[in-house]
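**Student:** Each chain, letter by letter, is given below.
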Amino acid sequence: MTEPATSTLAEATIARPGFFTSLRRDKKAVAGAVILALFVLAAIAAPLMAPYDPNDMEYDMIGAPDWLHPLGTDDLGRDLLSRLIYGARVSLFVGFATVGMALLAGVALGVAAGYYGGFIDSVIMRYIDLQWAFPNFIIAVYLVAVFGTGLSNVIVAIALAFIDDFARVARSMVLTIKQEQYIDAARTAGTSNARIMWRHVLPNALAPLIVLATVSVSNAILAEAGLSFLGLGVDASTPTWGLILAESRSFISRAWWLGLFPGLAIMLTVLSINFLGDALRDYLDVRETGDPVRA
Amino acid sequence: MSKYLLRRTLGAMVVMWAVATLVFFMLRAVPGDPFTAMVFDTGDPTAAEEMRRAFGFDQPVYVQYFKYLVQAVQGNLGTSIYGSRVPVATIIAESFPRTLSITVLAFLIAVTIAIPAGLISALYKYSALDHGVTIVAFLGLSMPDFWLAILLIIAFAAGLGWLPAIGYAPLSEGFGAWLSHLIMPAIAIGTPFAAIIARMVRSSMLEVLRTEYVQVASSKGLLRWQVLLQHAFPNALIPVITVMGIALALLMAGAVVVENVFAIKGLGRVLIQGILNRDYPVVQGAILIVSGIFVLSNLIVDMLYAAIDPRIRYE
Amino acid sequence: MTHPFDDPKLRADFDDAHDFDSRDPMFGLHRSELSGPVLGRRAVLRLLAASGVLTAGHFLTGSTPARAASGGHLRAAWAGGGEITTLDPARINQVLQFQISSQILGGLTHINSDLVAEGDLAQDWTVSDDGLEWTFNLREGVSFHNGDPFTAEDVLFTVERSRDPEKSIHSRVLSNVADVQKLGDHTVKFVLKAPQASFLVKTLERASGRAVTIVSRGALAAMGPAQYGLTPVGTGPFRCTFHELGQGVVLERNENYHRPDRPLLDKVTITPVLDPEPLAAAIEAGDVDLIGGANPSSELIDRFIANPELEVNMTADVGFQAVWVNPHRDPFRVENFDKPLEELMKEKGFKVRMALAKGLDRDRFIKQSEFGRGVPAYGSINPAMGFFFDGNLGEDSPQKFDLEAARQLLADAGYPNGEGFPTLKLLCPANLRRDAQVVAGIYKRTLGISIELVTKDITVALDDFLSMNFDLARIGSGGDFDPDDAIVDWMQTGSKFNGLKRDKETMAFGYWSNEEADALIDAQRLETDLEKRREMVQKANRLTSEKVACAFLFHPTSTLVYRKTVNYPAAARIPGLVELDQISFA
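Order-wise, the sequence lines are chains A, B and C.
Residues are numbered in my numbering as their position in the first sequence, beginning at 1, plus a constant of 1.
Residues are numbered in my numbering as their position in the second sequence, beginning at 1, plus a constant of 5.
Residues are numbered in my numbering as their position in the third sequence, beginning at 1, plus a constant of 4.
No wet-lab data here; the hints were simulated from the structure.
No false leads were slipped in.
Only part of the chain A face toward chain C is listed, based on derived beta-carbon distances under 8 Å:
hint, residue
1, Met58
2, Met62
3, Asp76
4, Leu77
5, Thr150
6, Gly232
7, Glu248
8, Arg250
9, Ser251
10, Phe252
11, Ile253
12, Ser254
13, Arg255
Computed footprint of chain A on chain C, listed as stretches where at least three residues anywhere in the stretch have a Cβ under 8 Å from a Cβ of chain A:
hint, segment
14, 275 to 284
15, 293 to 305
DEER-style ranges, computed between Cβ atoms:
hint, chain 1, residue 1, chain 2, residue 2, range
16, A, Trp68, C, Pro420, 35 to 41 Å
17, C, Asp270, B, Gly137, 50 to 56 Å
18, B, Val66, C, Asn396, 54 to 60 Å
19, A, Ala65, C, Asn260, 52 to 58 Å
20, B, Ala23, C, Pro420, 55 to 61 Å
21, B, Gly164, C, Met318, 24 to 30 Å
22, B, Lys72, C, Thr319, 49 to 55 Å
23, B, Leu15, C, Phe161, 51 to 57 Å
24, C, Pro420, A, Leu49, 27 to 33 Å
25, C, Glu259, B, Lys72, 45 to 51 Å
26, A, Asp54, B, Gly164, 31 to 37 Å
27, C, Thr245, B, Leu15, 44 to 50 Å
28, C, Arg449, A, Pro204, 55 to 61 Å
29, B, Gly179, C, Asp367, 47 to 53 Å
Note that the coordinates shown come from a computational prediction; the quantities given were computed from them, not determined experimentally.
Note that the Cβ used here is the ideal one computed from N, Cα and C, for glycine as well.
Make the full structure from the sequences, and use the hints.
**Tutor:** What follows is the structure, encoded as structure tokens:
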């Protein structure tokens, strides 16, 4: 299938101003970083920050926001703010864990395919082509049906669905870098394949992978929300943003806060990550291709 | 070219076979027995056994597999195991036009908004307009589609009462009815897509504007718009078309969720319902069709891509 | 309209109905009065008076009220499903399906709003003294929508088809039928293997019975079963003129319906709607006139009631919901339910079981989960069954919510304040997730015990339930029109839901097994004397409550929502059904 045009991708250089200096000039990225940091903090320190137990059904049902419950209460009388704070844990965890897994697996496959070529390349590429024939989200839906709902299953399902993106990018990076003279030099010097890949190939392929990973985190968060919304997500005793939204689906025209805040939490997180990813892309000068944004 | 075509077509067929095989065996690994669920109400295990036999599920898996392959090649996708055992082909023939309608409409809306927005953004780089477009695009990208769908229902159906909240009207009931049912789902799934296109147009436009020949064309005193439309824009479209190739995939994925919100029985909903009900033949059929569409659209995009950009070689 | 009691004849009827010994409402009624075209007006009124549900409204049904305007096109939304999978009675397994099929196809009998069977395609019938032979005179001059005449052959054909497990999922419904004979073109005789009190309601009912809902031989042969399942041909008030899965069903008036006063509407369009929000939006905006199908989500009800354009018509629904407790697992292991209650109460496992039943704050559950719609349940016999329902059970049952006693039992079992109690897993199908969360919340609150939810797709959840693969399970029963649907199907050792797929090596029985209940339930099945049957039904029901066959939770409320422009007569209000043929526009 289509080889992404990658000739300009690898030129991440060291001679540019530091990332943070560059980041600070981008207001959107700064806002993104601040918001994301807040959410991550909330997720880590959830027991300290949440005013109530997220599963306590002791309060008024469908109570509008007030001083006691700043974001209101849900249809079972649970504090929405506390649920969203705890929800950040699972939603963010799903986002980062899936991408971590997909990154590892995808890069291993992609690098192996690109570096060794030949038979190994064909086998891996056919697999990637196969996965390419489906949208990631549908793969995730399908895998959850196979494995069943639940946190770890959802993570594995989304991660599996994202592998092809990473493998594809990693492979094309390797193919480009392989032509470089210093690789030949290393090879003639008798350096082992694994060492060459680890020391020379990977660091140079890093830039586009980082950009892809960033965007994928936001896509993973959206995917989890979508799965939960369809009833294929994480189990009910663990609130996630998508699930909180799905659960309150029939109340949102009566209780705007139930529809607004969980959606807003998802949107702000994804937005922040996208802003950061964009800044990163500019900084690393990675060309925007279709692949990273494929849902 | 024809050799390339042949090779790609063969490759596509191999992918389709692999999809069919994978789906078949993975479905058999899914826990949950549709027949027990179906007769739960009547509590009749013999009826469940009879049905299992009628669908050949009592046979060894490899026999089932070969039967399924042979039938699929002949165009026979089997029947749903639920209800009156409607042929899968019928279910797909009914639901596909709905998904297609939503998808095409979403595509049109997205492209109509996104291409001008991206162009303007590129031309007035770093202006307030550009920033505005960028931020709106990012918002569109970040909004869960089902959430947008619900917000739209609340605003335009429940609140203002302008549009029907749910359902689908075929074109035969008139364009107005068709459009009024589909406009909200189309916006819901078209929005993130529009955001992507706008971003793509902007960045590829910027890149083309930097190239020498555009600068030469400008220096020759050609009108700004002439340069833009005759020289820059066609070149900038190349990567955009690649992305449009995955449009279908993207929009289909959106349709899966959004069809559920708007109670439209399109392919996405058929698939989800099939999975939840363990309706094996329906899931197999729907996935085959969906992936067939993807494989085909990828193929077409590659051809298109090759036709537009002669630099691409057919390896 | 004049008040019904201004009419001296109605007044006399009312007095007669109440003129009996309340402990013996069947006093003076003979077997002949149990034969039909209906149960006999006097018998019905007495039954109603006996069960305390007799109202002036019941007297209006016989006298013809002002004739409603006819004509019009009713647009209905069907809640609870994304599609009407089938309308073929042989394949129907959902209420939202038979609600529609019952408007297209006829049966020998049809229940009325008191859940009493009336003749439909059967003109009248007689029962032999031994209760084994039921002879039906069929209505003459009835024809199917395709023009074929309806005769005894069609009854025989339908029964044959329903008996074949390859063609029908309801073959078991006919397991007590030994033979069906054609005595004439319009006379059939059913010979039963054993007397069956529920025969008219459970086997022959056109909507919920489904095994003898008369299908058209000619149409089946002409269209094939798949198309027949979409647009069946019957003798009912409406013809099905269009059906696309997921898109909807169109019904049009059957001009030749055997009741000239029905149907009133010209056309009905039915659109299935899965999600509550679009459903609410559709009726509020006036896109649909009526919501049928499953009961609309209870959270929407207050919103509908507040809307001056909508009518919310509520009545007790058929069915019971429960929390099932696996007796083969600790800490609520019970090996033998046949011991006397006092002895069982000494067992640790039974104490925990009872604590779970007593600690279930049903009022709180109904408030939180059902938004106040529903009735606490202490047994499987539901209040819609009027005559059989045991109104005192709520007061007498040891399952009655008692916080102190429940905590004490748990402490006696070795878990004071829930300390040391294992974390339990509560199995529930995905559609009951919200409800199961409330159950978990209540147990945490009342008994201090932690419960994790295990939500599964319905196919897996039911399989796990039948395999006894759960600690606690949140599952209930839907269409119980006759006591048999509740106690025969759920409360006997051999009941079809009672651990049907369990590992029989390690588990001698399913969720519950009791010899006395088994015997009582067998006996009531055969008892055609209503009064005696009720006694046995209630006794068995009490046993299941006392010995905690499960922790009974609630009986739902049947809710119909329609716009004020729709006229839905009280006599047509049958819980679980939507009598489209009696609806008109005001």
